[in-house]
Amino acid sequence: MADLTTNFLGITTPNPFWLASAPPTDKEYNVRRAFEAGWGGVVWKTLGEDGPPIVNVNGPRYGAVWGADRRLLALNNIELITDRPLQTNLDEIARVKKDYPDRAIIVSLMVPCTEESWKSILPRVAATGADGIELNFGCPHGMSERGMGSAVGQVPEYIEMVTRWCKENYDKPVIVKLTPNITDIRYPARAALAGGADAVSLINTVSSITSVDLDDFCPEPAIDGKGSHGGLCGPAVKPMALNMVAEIARDAQTAGMPISGIGGVTTWRDAAEFMALGAGNVQVCTAAMTYGFKVVQEMISGLSDWMDRKGYESTEAFIGKAVPNVTDWQYLNLNFVTKARIDQDKCIKCGRCYAACEDTSHQAIWMKEGRVFEVNDAECVACNLCVNVCPVEDCITMERMQAGETDPRTGTVVSDDYANWTMHPNNPGACAAE
Amino acid sequence: MAHTIRTPGIVAGRLAADVLAENFSDLHPPLDPHEAHVAADRCYFCHDAPCITACPTDIDIPLFIRQIATDTPLAAAKTILEQNILGGMCARVCPTETLCEEACVRELAEGKPVEIGRLQRFATDALMAKGPQPFSRAAATGKSVAVVGAGPAGLACAHRLAMHGHDVIIYEKRDKPGGLNEYGIASYKTVDGFAQAEVDWLLGIGGIEIRYGQALGRDVTLEALSEAHDAVFLGIGKPGVNRLDGFDLDGIRPAVDFIAELRQADDLATLPVGRQVVVIGGGMTAVDAAVQSRLLGAESVTIVYRRSQAEMPASRYEQDLAASKGVTLMFNAQPVSANGAGAVESVSFEYTAVNGAGLKGTGERFDLPADQVFLAIGQTLVDAPDDLSRDGGALATDPHHRASLANVWAGGDCSAEGEDLTVTAVAQGRDAAEAIHTSLMGEGGPING
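Chains A and B supply the protein sequences, listed in that same order. Under my numbering, the residues of the first sequence are numbered 1 to 434, in order. Under my numbering, the residues of the second sequence are numbered 1001 to 1449, in order.
A couple of the hints might just be wrong.
[What the hints assert, rightly or not] Using 27 Å as the maximum straight-line C-alpha spacing, the simulated DSSO-like pairs for lysine-lysine come out as follows: (1) K1112/B <-> K368/A; (2) K119/A <-> K98/A; (3) K1112/B <-> K349/A; (4) K1112/B <-> K346/A; (5) K1078/B <-> K1130/B; (6) K119/A <-> K167/A; (7) K321/A <-> K310/A.
[Unchecked claim] Each pair of labels, with its calculated beta carbon distance range: (8) P324/A <-> E1035/B: 46 to 54 Å; (9) G1165/B <-> T410/A: 35 to 43 Å; (10) D1058/B <-> A64/A: 35 to 43 Å; (11) D1048/B <-> E379/A: 55 to 63 Å; (12) V392/A <-> P1033/B: 25 to 33 Å; (13) D308/A <-> D1058/B: 51 to 59 Å; (14) V392/A <-> R1307/B: 32 to 40 Å; (15) G302/A <-> E1035/B: 28 to 36 Å; (16) Y1317/B <-> G404/A: 38 to 46 Å.
Think of the hints as simulated: they come from the structure by calculation, not from any bench. Just so it is clear, CB atoms sit at the ideal spot from N, CA and C, and this is done for glycine as well.
Given these sequences and hints, build the entire structure.
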């Protein structure tokens, strides 16, 4: 069994699976249970400044998006940061860290954008013995209305400023948690780096309304007939998160900056994908909130099993391995020509490929006598829609045309030379492909 | 309890009331809303779906399933009922395993089709629970149509004619409507008086009058009906039963009579059944009689079919159902004689084999002890006027279900078209109604065939 020990910012944990700052990490009771279940680390639910505790709504805090069989595809929440007294949290953090020295405890923080506020809380956090802090610049609801959370994360200058205050007043690693509710994730990441951040973590939740009650015309979750946007998390946000992680990993300015990957990690495979795109570890919330802490056992065994199959002895061996393959569209090889192929033995004759291609794509699938579906290469642009809508795995595949063959759609001979848009004659700015 | 499963002879009360109630409960209990969602989600919404082609009434199955999946079961029901007004009954009694579900691509893919029948029941139950049938009558045409027989074909025809604004009088031989839905289907397939409730609901459209105790050839004649109405539809089924020469001992009776008696029984504990039951035949009637004999408490029940298992008209699903209830299935054996003094005591059979041109006895014989024997060897057309052309043992009709006399149409089991299934009868009744409507309203008035 592969060793999953992961070193992130000098913090060594038995596996790369941490619980994200969220309800599962709100208090000692939960965190102890999480560690007993096998989680490698936790980011303690965000602490605010000392004083009267935060007040939450007393109606529903979560909305949901369901798939088939009521599978939870996404959660949306309007919960705020911890609503328990600061000192209570700090005492609990110290106790748990003492009992679990081999696990990571990172303390998430969110206080007003004044140096005084940060200066006052940081020494108290340091006193707990926690392994580091995570600056919550991501929460898109409630706290953002008070100038915190994503209100900071959406202004790179604030990110840099607050990060710098923290680095100046705290000795251990500082992770900056980014909001996805922004146009280009690279700018806040660069700002964090400029402020001296040891790492970024992303994504926080996506501003969202999950559904509308069509009887009383109120967004969910409804609080006395009104609703407010919440933050979306869970499997539905993973593709957006993967892209943002990749953008930071391959940006010239931020390449190499440690990343903690967050956003819909539900299985070991999700974790491996985030890590392949440059995340040094992952943080999980919705999967635990859906299935309980035990779900980490599948993540541990699955990642280990995959590493064994691939021959990776440590997580470092594959972290970032997909980053060089993330590129701009303009560099994609236009001489890579594929055609859809339908395996007639696997085909169950549902005709979804036909309907999709005929109605919405390129009329490149024939429906023949006896519900036999075949690809018309002269029309197939290899869009992949038939593959995507086919209910049978590996029934439709994309096969590459070999160099020297003539593409019946374009009438041109397939070349095995690499040629992209920057070299294409139709591109007014093309440079000659020498 | 006066009797047990081992009491000799044909007696009632072999099983306790609670066991009987359990035995005759719904064969396929209704899906609850969550189950329906899960089942509906399995539908792939196929292009030009094979299930639609396989349905004799051409219900748009992928559409109604998607309507269930998106929380509009009443819309789903309307999709079903527009094609098949007896969609509720068909959801219960259709041999879906040889129709829509056999054609389902998930049957091909996994051997587990989408549960189309149960989903259809979910939708139609939901609509019927809400209230009246959802169709309305067009403006009155002033035309009047006689429908003979209040079975599935006649009811479907009458409803569609009523929708078109025609006045319909149904002439029904028995004192209850429903035909085989009421008298001829295993009890556990349609519990809680569903057949009558469905007819009441269907008649809610208005414009349909049912006259009971009106048998064709006895109380009314085709000639008189043709004179009194603008068109006549015959949905008279095949109420005659085939008999076997020499099988006249006490304890021997047609299976359809037993099934009808069981369906009409107020208290199953009063219904007598043999200890050792033999059913001769291989269709759904044989299975229904055999299974219900077991469920009533017969100790042993054997179906004997003269051809091979592969040729048995009852589907494999029905065969497995019978086997699961403890019915023994024997193939390739034909009855030779019923033996006994007064009452039947045993039946002698001879094994068969296909020999040259046809099925022949092999000469090897065996006896099965029996105190009750049900004959399920086919039904016949009776009561139809002789001047209507026949096709085999049924009425000849053209593709529009028009019979050989002017302004007479026919559908359901009495017609030579299609399989003898409820759903086929509904399709033919509906299509005949459309043909009648076209004929009555066409330019130049009625078209005489």
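Practice prompt. Could you see if the CB distance from D308/A to D1058/B stays within 51 to 59 Å?
Written response: 55 Å, holds
Item to complete: Assess, step by step, whether the Cα of K119/A is no farther than 27 Å from the Cα of K98/A, and give holds or violated.
Response: 24 Å, holds
Worksheet item: Taken at face value, is the distance from the CA of K310/A to the CA of K321/A at most 27 Å?
Response: With Cα atoms ~13 Å apart, K321/A and K310/A stay inside 27 Å; holds.
Worksheet item: Is K1112/B within 27 Å of K368/A, Cα to Cα?
Response: The given pair, whose Cα atoms are some 25 Å apart, holds under the 27 Å limit.
Discussion item. For K1112/B and K346/A, compute the direct alpha-carbon distance and say whether it is at most 27 Å.
Written reply: 16 Å, holds
Fill in: Range hint 35 to 43 Å (beta carbons of D1058/B and A64/A) holds or violated
The hinted range 35 to 43 Å holds for D1058/B and A64/A, with Cβ atoms some 38 Å apart.
Worksheet entry | Satisfaction of the hinted span 55 to 63 Å by the C-beta atoms belonging to D1048/B and E379/A | Taking Cβ atoms as reference, D1048/B and E379/A lie about 20 Å apart, which means the hint is violated.
Discussion item. Looking only at beta-carbon atoms, does the pair G302/A, E1035/B fall within the given range of 28 to 36 Å?
Written reply: Since the Cβ atoms of G302/A and E1035/B sit about 31 Å apart, the hinted range of 28 to 36 Å holds.
Worksheet item: Are K1112/B and K349/A close enough, with their CA atoms no more than 27 Å apart?
Response: With Cα atoms ~15 Å apart, K1112/B and K349/A stay inside 27 Å; holds.
Worksheet item: Hey, K1078/B versus K1130/B, does the alpha-carbon distance stay inside 27 Å?
Response: Holds, because 12 Å separates the two Cα atoms, which is no more than 27 Å.
Discussion item. For the hint 38 to 46 Å, verify it against the beta carbon of Y1317/B and that of G404/A.
Written reply: For Y1317/B and G404/A the Cβ distance comes to about 55 Å; the hint is violated.
Worksheet item: How does the Cβ-Cβ distance of P324/A and E1035/B compare with 46 to 54 Å: does it lie in that range?
Response: 49 Å, holds
Consistency with the previously given hints fails for numbers 9, 11 and 16, ordered from lowest to highest.
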